[in-house]
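Take the sequence shown: its letter number 4 is residue 4 in my numbering, and every next letter is one higher.
There may be inaccurate statements among the hints.
[Stated by the list, open to error] Between beta-carbon pairs, the in silico distance windows are:
id, residue 1, residue 2, range
1, N43, F70, 29 to 39 Å
2, E30, G67, 22 to 32 Å
3, G59, T29, 18 to 28 Å
4, I21, F57, 37 to 47 Å
5, D48, P14, 28 to 38 Å
6, K26, L53, 30 to 40 Å
7, K20, R50, 20 to 30 Å
8, G67, T29, 10 to 20 Å
9, Y71, N22, 14 to 24 Å
10, R27, D56, 21 to 31 Å
Derived by calculation from the structure, the hints in this document are not laboratory data. As the structure is a computational prediction, the values presented were derived from the model and not from experiment. No residue lacks a Cβ here, since even glycine has one placed at the ideal position from N, Cα and C.
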Amino acid sequence: MTNDDVKGIVPERPRDAFSKINEWVKRSTEWRSKCINLIASENIVSPDVRAALISDFGGRYAEGRPGKRFYQGTWML
1 MTNDDVKGIV PERPRDAFSK INEWVKRSTE WRSKCINLIA SENIVSPDVR AALISDFGGR
61 YAEGRPGKRF YQGTWML
């Protein structure tokens with residue numbers, strides 16, 4: 001794929017790209033609300049799971065075992 005192939009699909013300016021991605025997300029959400037998708041790999045998570053993933057908690061990780069973590073400050077994980 002060359003740069004010419006993506007012109008018109010992917011905007012060059014970040015603000016325009018955000019608008020385009022937002023449009024795609026809205027269209028996908030609308031499509032999903034009108035059909036029953038039976039593809040297992042495209043399973044939809046519950047609103048509670050989605051809220052947890054977009055929270056600060058969704059980007060955290062802790063290596064090691066409780067009480068012996070490699071990164072301190074992860075007592076709640």
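Against the structure, the hints come out as follows:
Evaluation of the 29 to 39 Å hint for N43 and F70 yields a pass: the beta carbon distance comes to about 32 Å. Look at E30 against G67: about 48 Å separates their beta carbons, and that is not inside 22 to 32 Å. Between G59 and T29 the CB atoms are about 23 Å apart, so this pair conforms to the stated range of 18 to 28 Å. At about 24 Å, the beta-carbon gap between I21 and F57 misses the expected band of 37 to 47 Å.
For D48 and P14, the hinted distance range of 28 to 38 Å is satisfied, since their beta carbons lie about 31 Å from each other. In this structure the supplied range 30 to 40 Å is violated for K26 paired with L53, their Cβ-Cβ distance being about 19 Å. A hinted range of 20 to 30 Å for the beta carbons of K20 and R50 is consistent with their spacing of about 22 Å. G67 and T29 have their C-beta atoms about 42 Å apart, which leaves the hinted 10 to 20 Å range violated.
The beta-carbon spacing between Y71 and N22, approximately 34 Å, falls outside the hinted interval of 14 to 24 Å. A beta carbon spacing of about 29 Å between R27 and D56 agrees with the range 21 to 31 Å that was offered as a hint.
Comparing the model with each numbered hint stated earlier shows that hints 2, 4, 6, 8 and 9 do not hold.
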